[in-house]
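Student: Chain residues, written in single-letter form:
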Amino acid sequence: MPDYFHGYSVVGLVAVVGVLFVAVAFASGRLLRPVVPTREKMLTYECGVDPVGEHWAHTQVRYYVYAFLYVIFAVDSIFLFPWATVFAAPGFGGTTLVEMFIFLGFLSVGLLYAWKKGVLEWT
Amino acid sequence: MDVLDVALRLVAVLVVFLTFPLLVGQTEHKVMAHMQGRVGPMYAGGFHGWAQLVADGVKFAQKEDVVPDGADRRIFQLAPAVALLPYLLVLIVIPFGPDGGVGQEIDAGIFFVLAVMGAGVLGSLMGGWASANKFSLLGGLRTTAQLIAYELPMLLAAASVAMAAGTLSLPGIVESFEWWWVPWQIIGALVFFIAGLAELQRPPFDAPVADSEIIFGAYTEYTGLRFALFLLAEYAGIVVLCGLTTVLFLGGWHGPFAEDGMGWVWTLLKAAILAFVVIWLRVSYPRLREDQIMRFAWTTLVPLALFQIALTGVVKVVIQ
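So the protein lines, in turn, are chains A and B.
Take 0 as the starting number for the first sequence in numbering that gives the first Met the number 0 and just add one per residue.
Take 0 as the starting number for the second sequence in numbering that gives the first Met the number 0 and just add one per residue.
No wet-lab data here; the hints were simulated from the structure.
Treat the hints loosely; a few may be bogus.
[Unchecked claim] Here's a subset of chain B near chain A, in silico, CB distances under 8 Å, partners left out: (1) V12; (2) P67; (3) L84; (4) A131; (5) L151; (6) R294.
[Unchecked claim] Stretches of chain B that chain A covers, calculated by requiring three or more beta carbons in the stretch to come under 8 Å of a beta carbon on chain A: (7) 2-10; (8) 141-149; (9) 223-232; (10) 303-309.
Glycine included, C-beta positions come from ideal geometry on N, C-alpha and C.
Using the sequences plus the hints, can you model the full thing?
Tutor: Right, dumping it as C-alpha cells:
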C-alpha cells in the first residue's frame, strides 16, 4: 500500500515541476518582452476590420446530444476496465464472455438507435 | 523514497518534455519540405538549419504579449498552461525499457493516462472562450466536440489491450506482450492512433484550427510566449500519442537484441516511426469537414472499437 501512494506522490511532484516551469517561463517572458499597447492592438481580431456586435457570438450548439451520448457511453466503458483485468482468470471464462456480449449489445443498440434518430448528423 | 533518485527522474522527464517535441517539430520542418520538393529551413545554426526552432523560441520570447481588451484576462493567460501540463504528467508514466525503465510505475496506468490527456482540451476551450473572439469561440467548441467524439473509441481501444494483457499497468502490458498481438489488436491500434490524431487536432482532423475558415481557431488571439506554449503542447501531444501507441499496441521495448539492454532503443525507434507517420499524414491528406470528422468517429471508429473488444474477448477466452 505505501508503494501505491508513493507512485502518485511522484506524479504530484511532476505537477509541481510543471507549474514551476510555466511560472518561470511567464515571469521571464515578462522581463524579456516589450509592452507597447495601442488601442488598435487591443481590438479583437476580425480580419482587420473593426469587430462587429457581441464578442461572444451566438452559435448553434449542435452537439449537446453528442455530449449526452458521450457521457452515457464513457461511463459504460469505464466499467470495462475492472472487468478486463479478471474476465479470463480461472473460474470466469465462458459466462463472463456471454455477459460481455450482452454489454456490447446494449452499447450497439444504443448507438444504432441514436444513428436512426439522426442525432449523429452534424448539420 | 530516495530523494536523489526521484529528483533525477523529475529532471529527466522535464528534459524529455522540452527536447523531444522540438525534435519532432524540426523533423516535421524537414520531412514536409522534402515531401513538397523544398529544402526547409537551412540557415539557423548552420548545419541544415538545425537550430530553427531554437531561433523561433527566442523570437517568441521577445514578442509582445497582447491580451485583447474584450478578453477574460486571467483565463486567457492561464489557458496555455492548462493545455500543456497534462502531457508532462503523462510522460512520466510511459515505460521505455524493461525492469523499471519508467519514470514512475502506476498500477492503473492506462486509466491515469486517458484521464489526464483528456484534461488538455480544457486549455483550448478556456482560450477559445476567454478570447471573446468569434473565430476563437468556434475553434474552441470544435475542439471540444472533437474530443467528445474521439475519446470514446480511444477508451474502447485501450480497454481491448487491457483485456488482452489482463492488467491496467503500462509496464505490465508491455511485459505480457507477444508478437501475435499485433495482428490480433491491429484494428484497436488503428482506432487508437487515429482517435489520438483527432484529439491533437492534427491534419486531416484539423478543422478546429482551419486557417481558411476560422483563422487559427482558439489560438487566434494569442501571441508570443503563450502561443509558443500552445504549439509546444501540440508537439508534446504527438510524442505522448506515439509513445502510448508503441507501449500499448507495438510491444514497446520488445525486439531483437532487446535482452542486452537495448530495449529503450526499440521504444524510441517505434515511437519515431509513428511520429513520422503523423507528419506524413499532414502532408498527404486534405482536411476533413467538421461534420465528416464527427460522422467518422461515431459511425466508423466506435463500431470498429466495439468489434475489437468482442474479438479480443473471444480469442482470450478460447486460448485460456
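Student: Would you mind marking each hint as holding or not holding in the structure?
Tutor: Taking the hints in turn, this is what the structure says about them:
1. Evaluation of the V12/B hint against chain A yields a held restraint, the C-beta minimum of about 6 Å falling below 8 Å.
2. With 8 Å as the threshold, the beta carbon of P67/B comes within range of chain A, its nearest partner Cβ sitting at about 5 Å, so the hint holds.
3. Annotation: interface hint on L84/B holds; nearest CB of chain A at approximately 4 Å, less than 8 Å.
4. Checking A131/B against chain A by beta carbon gives a least distance of about 3 Å; that is within 8 Å, so the hint holds.
5. Here the hint on L151/B is kept, as its CB sits about 5 Å from the closest CB of chain A, short of 8 Å.
6. Interface restraint check for R294/B: the shortest CB-CB distance to chain A comes to about 7 Å, inside 8 Å, so the restraint holds.
7. Residue count for the region 2-10 of chain B with a Cβ under 8 Å from a Cβ of chain A: 3. That meets the three needed, and the coverage hint holds.
8. Check on the region 141-149 of chain B: 3 of its residues sit with their Cβ under 8 Å from a Cβ of chain A, so the three-residue criterion for coverage holds.
9. Taking a C-beta to C-beta cut-off of 8 Å, the region 223-232 of chain B contributes 3 residues in contact with chain A, enough for the three needed, and the coverage statement holds.
10. Coverage of the region 303-309 of chain B by chain A holds in this model, with 3 residues showing a Cβ closer than 8 Å to a Cβ of that chain against a need of three.
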